[in-house]
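Visitor: Protein chains in written order, with the numbering used here: chain H, 80 to 476; chain R, 18 to 331.
These aren't lab readings, by the way, just hints derived from the structure by calculation. In this text, a Cβ means the ideal position worked out from N, Cα and C, and glycines have one as well. Don't take each hint at face value.
A few chain H positions that, by computed beta-carbon distances, are all more than 10 Å from chain R [claimed, not checked]:
{"id": "1", "residue": "L124"}
{"id": "2", "residue": "L140"}
{"id": "3", "residue": "D201"}
{"id": "4", "residue": "P339"}
{"id": "5", "residue": "D452"}
{"id": "6", "residue": "W453"}
Taking lysine to any residue and the SDA-like style, the derived pairs with C-alpha atoms no more than 25 Å apart in a straight line are [what the hints assert, rightly or not]:
{"id": "7", "chain 1": "H", "residue 1": "K438", "chain 2": "R", "residue 2": "E31"}
{"id": "8", "chain 1": "H", "residue 1": "K470", "chain 2": "R", "residue 2": "T193"}
{"id": "9", "chain 1": "H", "residue 1": "K325", "chain 2": "R", "residue 2": "E31"}
{"id": "10", "chain 1": "H", "residue 1": "K152", "chain 2": "H", "residue 2": "A183"}
{"id": "11", "chain 1": "R", "residue 1": "K275", "chain 2": "R", "residue 2": "G184"}
{"id": "12", "chain 1": "R", "residue 1": "K101", "chain 2": "R", "residue 2": "A90"}
{"id": "13", "chain 1": "R", "residue 1": "K105", "chain 2": "R", "residue 2": "L48"}
{"id": "14", "chain 1": "H", "residue 1": "K325", "chain 2": "R", "residue 2": "T38"}
{"id": "15", "chain 1": "R", "residue 1": "K101", "chain 2": "H", "residue 2": "T315"}
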Amino acid sequence: MKLAFVTPRYGEQVMGGAEGAARSLAEHLVADCGHDVEVYTTCALDHLSWADVLEPGTSTLNGVTVHRFRSTKGRDEKFSDLDARIRVAPNSRSMEDSLAWVAANGPVSESLVDALATCDADVVAFYPYLFYMTVHGIDRVRQPAVLHPAAHDEPSLYLPIFQGVFAAADGICFHTEAERSLVEPVLHTAATDQIILGLGTGRACGTGRDGATLLGITGRPYVVSVGRVDEQKGSTMLYEYFVEYKKRHPGPLALALVGPVSRPLPAHPDVVVPGIVSEEDKWDIVSGAEVAISPSAMESFSLVVLEAWVAQRAVMVNAVCGPTVEHVEASGGGLAFEGYLSFEVALERLLGDEQLRSKMGASGAAYVARRYDWPVLIRRYEQFLMSIIAKGRRARR
Amino acid sequence: MSADDLDLDLIRQEIAAEVATRRASGSLDALEERRLQRLFEQYSPHAGGVGALSDALRSVDATIYIDPEVPVASSQPAGAAIKKTLRKANYWYMRWITTQTTKALSNIAGVLHQVGTEIDRMNRRLDLVASDNPPIIELAGSTPWWHESAVGQLDAVSGRIVVAACGEGSLVRELTSRGLDAYGTDPRRELTSEGASGLDLRTEGVIDHLEAVADGMLGGIVLTGVTEAMLPAQRTWLLRALERTARADAVFIVHVIKPEALQGDKLPVALELAGVTPLRPSTWVALLRERGLNVSIVEADHDALIVATHAQRA
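Start from the sequences and build out the full structure, keeping to the hints where you can.
Guide: Here it is, written out as structure tokens:
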């Protein structure tokens, strides 16, 4: 089987997110199943500017053939205004508004979309739904098209343009049941071939070093949150909640916010922000934490929650984030909070009960092994793709 | 604590009770809690106007207050001081504007709350609120004699076939083994175990599912176990959904249990609780004929198989 992924950015420098997920699937299809996989992407790495920083052309990364195309436009300077406008009743915006929003969101690469028309893969997978190359490319491919929406409850999901994008998919690959429940009633995709796949988790690759020492807080207990340090990801809220918690619970407990920093937070003696760390450091830091916290309300899967369970840590998640709550409900691996007081009480409860933490960590680990072990997951994906190829290209806008 | 000792529901209840106690005791200043709640709700999803009205109203409440205190943090060395000076100079103006804006937004939110309360009151009066999806009613220990016939009827359809209340997917399997493009839905999670069977089985009720199907997508619709405990309004909705989601050449299969097979000791608890009387097969035939469909029926002792197609197909 030959599969082509279409994604706005691709590479080892792209951490997590939908594009990171696309790379994981691509590399596992090559390494575990021996399939031929290529990627159509831009020369961008930064998801805010979409500036071309890599060379266009074809290269190979971990067995995957990567075709890079220049963008004619990155993120438009008027995007924020346009985005703010469509937030009001997005489902009643015109098609012109929708297309303008997609173009302003960037990256715009006509040459990438043109190249898709001559792609010779057996199946083309678009990942995620809201970018130019998916909106304009899903109709251009001759082969069956699979859409990995990676959707969350954001205004853009309700723009009329996406009715057609989803209708043009021959198969849809959801991360979680929560994502499917969100998408189905909005985009009427229930009768489309689909699978709830999720993502595989890596094996813990820590080296047994003390996480607190790596963070520069030797001897102190800490809770950890891994992911982009960004207001929209809930980092500011978590910071404020933790500072309030510490006011009411003085002691040595610290908070570590690990990941690329989009928005710097004020310095605080109980909060450490090491930025991007190596995989080994990340696993050692997570393994040494008392509790792992996912404050984001906008996740379509949340690999970091699953990785915390691989490290046998109990987790706390945002109660309005469907996918992470779904993980917690299905695994018994943690608790959800819906405001400061429930954050405080849940954290107190977990910190005060080592057996409970340990049990939750073990339940989470069992859940991950059951559902998201790469060998099992990649075979399910392979089987799904084969079934879509067998049915052929059917969906058209 | 062993693996089975973990009672998550109990832990959640205890946490909720403790939160209520702390809130009632005023251990956290109400204004401070509101500020922290705003942070929580700032990026909570309520994007497109679907979903719970109460959630959307909560987020409206959380964003009503317009703060005249413009943030002054800056990455430039003197930036914060300059911003602070500007803020001080403009504060009287900002405060005047924000106070009026907040007042106007509060009034609008008040109206929205009244509308929300009225909608809630109306919903409570509607039968549909009782259940979005009807409970599944099946004959105990029955063998699906009708499967073979259903498969035969669906053998030539084009388009996808959905089997409602598919259980573990035996009919879906029969259909796919004949090369048909079939999938199933069933709200009973323990039966569908999505992905495990290798079949496309969804954990969803029939109403939720059909609501999310685009127009004219289905070539075949099989209803079994879902019609017996339906409320009249649900039945009306279902019939409209069948028309909307089916292709012009679609085949409808309705498997119904005869009311007399669901009486006395055989009356399922879910059916008794639903408080409805199942329709007789002949009533289903009449209902489908009323909608202009060609209908045939095969009856057995306890149940019946009804096959309906559009007139032009027949």
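Visitor: With reference to the structure, classify each hint as holding or not holding.
Guide: Comparing the hints with the structure gives:
1. Remark: the non-interface label on H:L124 is consistent with the geometry, its nearest Cβ contact in chain R lying 22 Å away (cut-off 10 Å).
2. Every CB of chain R lies more than 10 Å from the CB of H:L140, the least distance being 29 Å, so the non-interface label holds.
3. Listed as outside the interface, H:D201 is consistent with that label: its C-beta sits roughly 19 Å from the nearest C-beta of chain R, beyond the 10 Å cut-off.
4. Distance check on H:P339: its Cβ is at least 17 Å (rounded) from any Cβ of chain R, clearing the 10 Å threshold; non-interface status holds.
5. Non-interface status of H:D452 relative to chain R is upheld: no Cβ of that chain comes within 10 Å, the nearest being about 13 Å off.
6. Non-interface status of H:W453 relative to chain R is upheld: no Cβ of that chain comes within 10 Å, the nearest being about 15 Å off.
7. For the proposed pair H:K438 and R:E31, the alpha carbon gap of about 18 Å is at most 25 Å, so the pair holds.
8. This hinted pair checks out: H:K470 and R:T193 have alpha carbons roughly 12 Å apart, not beyond 25 Å.
9. Between H:K325 and R:E31 the CA atoms are separated by roughly 22 Å; this keeps the pair inside 25 Å, and the hint holds.
10. Under the criterion of a C-alpha separation no larger than 25 Å, the hint pairing H:K152 with H:A183 is consistent with the structure, at around 8 Å.
11. With a CA separation close to 20 Å, the supplied pair R:K275 and R:G184 stays within the 25 Å bound.
12. The hinted pair formed by R:K101 and R:A90 meets the criterion: a straight-line CA distance of about 9 Å does not exceed 25 Å.
13. Proximity of R:K105 to R:L48 is assessed by CA-CA distance (about 24 Å); at most 25 Å being required, the pair is judged to hold.
14. Distance hint between H:K325 and R:T38 is fulfilled; the C-alpha atoms sit about 20 Å from each other, no more than 25 Å.
15. A hinted pair counts as satisfied when its Cα atoms are at most 25 Å apart, and R:K101 with H:T315 qualifies at roughly 22 Å.
In this structure, none of the earlier numbered hints is contradicted; all agree with it.
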